[in-house]
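K.L.:
Chains as they are written, first to last, in our numbering: chain A, 970 to 1145; chain B, 12 to 343; chain C, 567 to 668.
What the hints contain is simulated information worked out from the structure, not anything from laboratory work.
Backbone N, C-alpha and C fix where the C-beta goes; we use that ideal spot for every residue, glycine too.
Some hints could be false.
[Said to hold, decoys possible] Below, computed lysine-lysine pairings styled on DSS-like, alpha-carbon distance capped at 30 Å:
| # | chain 1 | residue 1 | chain 2 | residue 2 |
| --- | --- | --- | --- | --- |
| 1 | B | Lys75 | A | Lys1142 |
| 2 | C | Lys655 | A | Lys1143 |
| 3 | B | Lys85 | A | Lys1142 |
| 4 | B | Lys71 | C | Lys655 |
| 5 | C | Lys655 | A | Lys1142 |
[What the hints assert, rightly or not] Stretches of chain B that chain A covers, calculated by requiring three or more beta carbons in the stretch to come under 8 Å of a beta carbon on chain A:
| # | segment |
| --- | --- |
| 6 | 48-59 |
| 7 | 110-124 |
| 8 | 131-141 |
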Amino acid sequence: MLEAAVFYTLAVLILGLGILVISARSAVHSVLFLVVNFLLVAILYVTLSAQFVAVIQVLVYAGGIVVLYLFVVMLVSLKRAPEQHADTRRLGVTGAVLAGAVLLEVIGIVVSGAARSDAPAGARGAGVPEAISDPMLNTEQIGWVLYTEYLIPFEVASMLLLVAMIGAIVLAKKNL
Amino acid sequence: MLETFIIPLLQIAVLLNAVLVAVTFMVLMERKVMAWAQARLGPMRVGPHGILQAIVDPIKLILKEDITPVAADKWVFTVAPIMSLVPALVVFSVVPFGPDPLYYVADINVGLLFIVAVTSIGVYGIILGGWSSNSKYPLLASLRASAQLISYEIAVTMTLVSVILTSGTLSLVGIVEAQREAGVWFGFIQPVAFVLVFIGGLAETNRVPFDLPEAETELTGGFHTEYSGMRFALFFLAEYANIIVISAIVAIMFLGGWMRPFPNVEALAFLDLIPPWIWLIGKIFLFLYVFIWIRATLPRYRYDQLMRLGWKVLIPIAIGNLVITGIVKVLV
Amino acid sequence: MLEITPLHYTALSAALFIIGVIGVLVRRNIIIIFMSIELILNAVNINLVALSSQLQNLVGQVFVVFVIAVAAAEAAVGLGIIIAFYRNKETVNIDEMSLMRW
């Protein structure tokens, strides 16, 4: 009962803020709604007993990436809003139709997936340690999986971040 | 019911009130210590030796008129102080004031990461407060403040990782227990990290010598120039609550938290008569005193010097410290 | 209705995904389009975490860490491109970004 109440409250807030993000007139307001949205998603992760991911969500998304967006929005102070000289009505109709098509596709996948929910045991992946549902061990277990099974992807991800960092500096700096 | 709701709620109520009272008295302490350092008397009028000044100041701020500039973005202007204060107070939920569950609201397995993550939300209050005022000095100050905060956050977080390597846990209670088992405060095992976190803490709370965002002589007063009355007081509270947070983190991670000095020496057992929370609060106030002492002593950095110190000195030292800690950890 | 199954989380994730898609398709401000993409990535993350806790298998959460790393890289490079573009053209309207060179 409590679980359901928490889930529905969070779901309504997350979706409502998502709609506000894409519909707000001022880009700064959009960024604000996005931050709150990410914080609520982090709370959703806590209810799923994934504390480590929840904290990383707050630290990297809400505390890092969205601050970047806020900086760019403030630097790009616009004399005229981009929406002003576009045919918003036509865009809205086209967007709604295309999004509706994607929605149908997603519903189809979910329904057909729910129909055969008894996934084979092999779907769990071979040689991966299973989680024990003790929240106090969540971080340690993620560490084990990340640094043994997924060590090479982890290194590739850090390489990607390094390349992105250098790329961003090259792009943003006027003269090197 | 009692254990899931009532006791945590009581703990939260006590903690919030204690923090807010501590902030008002810290302001008084700051004025008094600064006055002594400069051979003045400081506030003397209200109560004996000006002690009641700590109560009069908040009353004055509550009663003052709350002005919103005409050109401000009113919605964001109202939200910004709240976004600045709430993270600073939320952090206290994981600070342990003693070994027993009664002394802390929560002991989570990601405690230290939680503190780093939640304090990183506080930067929004600063950026939005400066932007929504629609005034050039607050905007400049808020850009300075947020750039400074983000730069020094990297150095502090990198340094905290090396302490986590030493303790082997992210839980704050676990870190203090690890110091008891090691038989020595981590301040002695990790002296470089101790100094780095302290300097980073000075910079993250915009204190002298890193108070560029509030440089009165250049920017009139910082990102909260256009704020007045209670909304200004919220920014003020957030700033001082953050200073207490940094002091508490440094005390817990490097000076053994709630433990008495030399916890393994039997001859000093009489010190246990003093309850653990008093030890932690005493250590916190020691750091608060050092913060004020530094403010009374050092001049302000120039902005390029500040950025050079953060990126070219502190971050390389933090990475070096991390690598050395890792090597030692593998070898020993 | 009162019992929360993984299907509930999948539905929430799908709805958030659709909101992100609508944002990408309808808005013309490229910064808001980037934010919509972040919403889409978050929808995927919700799915991964929910299924990971349902299957008692941590690989889903490990993947969320990778997704967040990619999102950070995307934001850094993408916003760098936006700043470079804005410096030349003084606009962030995606309809005016149709030139191959300038």
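K.L.:
Which of the listed hints are not met by the structure?
P.N.:
1, 3, 4, 6
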